[in-house]
Amino acid sequence: MKRLIPLFALCIGLPAAAQTPQLILESLVAKAGPASVARGEQLYRGKSKAGKTADSCVACHTENPKAVGQHVKTFKAIDPLAPVAQKDRFTDPAKVEKWFKRNCQEVLDRPCTPQEKADFTAYMISVK
Amino acid sequence: MNDYGITWKHLASLILAVGATALVIEQAPAGDEAIFPMPAGKTYVNECGSCHTAFAPGLLPARSWRRMMAELANHFGEDASLDEPQHLAILKDLESLAADGPQANLRMRRISAAIPANAAPQRIIETGYFKYMHDEVPRHIWQRKKIGTPGNCIACHIRANEGRYGQGEVRIPPP
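Line by line, the protein sequences give chains A and B. Here our numbering is used: the first sequence runs in plain steps of one and ends on residue 128. Here our numbering is used: the second sequence runs in plain steps of one and ends on residue 1175.
In case anyone wonders, no lab produced these hints; they're calculated from the structure. Note that this is a predicted model, so its numbers are computed, not measured. Positions of the beta carbon are idealized from the N, C-alpha and C atoms, including for glycine. Incorrect hints may appear among the rest.
Stated by the list, open to error - No farther apart than 20 Å at their CA atoms in a straight line, the calculated lysine-lysine pairs in the PhoX-like style are these: (1) A/66 - B/1145; (2) A/66 - B/1146; (3) A/87 - B/1042; (4) A/95 - B/1042; (5) A/73 - B/1145.
Claimed, not checked - Selected chain A positions facing chain B (Cβ under 7 Å, derived; list incomplete): (6) 71; (7) 74; (8) 75; (9) 76.
Using the sequences and the hints given, assemble the complete structure.
Here it is as structure tokens:
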């Protein structure tokens, strides 16, 4: 039985990688300050002069975060960004970090701050 | 047996020949089944299929993929760099499943044969095989909102991410 304990621990450990949008928001807020839905929406809709391919989030993800988006260059369809419309959004911390890294660099030509990430996530969760 | 000189021996060999041919046809894939092997697991589709179709490795030769992976930091104008473990795993899959790879099927070898040995094309749509296979598609189809560019394979080849490009599985989005 004792030999099985690590096996049980592994089984419990695996699903722990999947999180809820709320838990992801909490861990982002812990690295920044309280999140602002309004600032998050501003970030989502704002135009950037630094954008190379896309000048804003909405360029690909559309004005409506519940809608299917489309990559401006490859035209590939993009699943909705709001968790209310696409339930696997904001459930994988590594994926969230990967796309903040890629897309902040793409649109803003710099990494997003922890505060921006928290605000953005709060806005996406607030979309009903 | 009859006036034509046909014997049971003739008939038997005819039946055998027809039967053997039928067996061969049965086992060969249908003519329009363009199926390419894809890397196992989800890494390839997750890492290379978010911004565009997870293109089948068999659509380009290994030298094209090696150059592409070496230039990921400027991938058609975007920084698509990968972490080291994913980078190595994907490069290995691309090399082994490439059009000139060790497991290449007849279709892949045709793709590879149409590319000059000194060229390492980076755009599948610029290869001779792609152009040959799509020469009947008029410009107004490519311009449809959900297609946009010939490189958007998955817009019409709905199972492209599984390596399936067969004509029977083409669904052209309406205008």
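Now for the hints, and whether the structure bears them out:
1. A hinted pair counts as satisfied when its Cα atoms are at most 20 Å apart, and residue 66 of chain A with residue 1145 of chain B qualifies at roughly 19 Å.
2. Distance check on the hinted pair: residue 66 of chain A and residue 1146 of chain B sit about 18 Å apart at the alpha-carbon level, within 20 Å; holds.
3. For the proposed pair residue 87 of chain A and residue 1042 of chain B, the alpha carbon gap of about 19 Å is at most 20 Å, so the pair holds.
4. With a C-alpha separation of about 13 Å, the suggested pair residue 95 of chain A and residue 1042 of chain B falls inside the 20 Å cut-off, and the hint holds.
5. Simply put, residue 73 of chain A and residue 1145 of chain B have alpha-carbon atoms about 12 Å apart, close enough for the 20 Å limit, and the pair holds.
6. With a least beta-carbon distance of about 6 Å to chain B, the hint placing residue 71 of chain A at the interface is held under the 7 Å criterion.
7. For residue 74 of chain A, the suggested interface contact is upheld, since its CB lies about 4 Å from the closest CB of chain B, less than 7 Å.
8. Taken as an interface hint, residue 75 of chain A checks out: its beta carbon lies about 3 Å from the nearest beta carbon of chain B, inside 7 Å.
9. With 7 Å as the threshold, the beta carbon of residue 76 of chain A comes within range of chain B, its nearest partner Cβ sitting at about 5 Å, so the hint holds.
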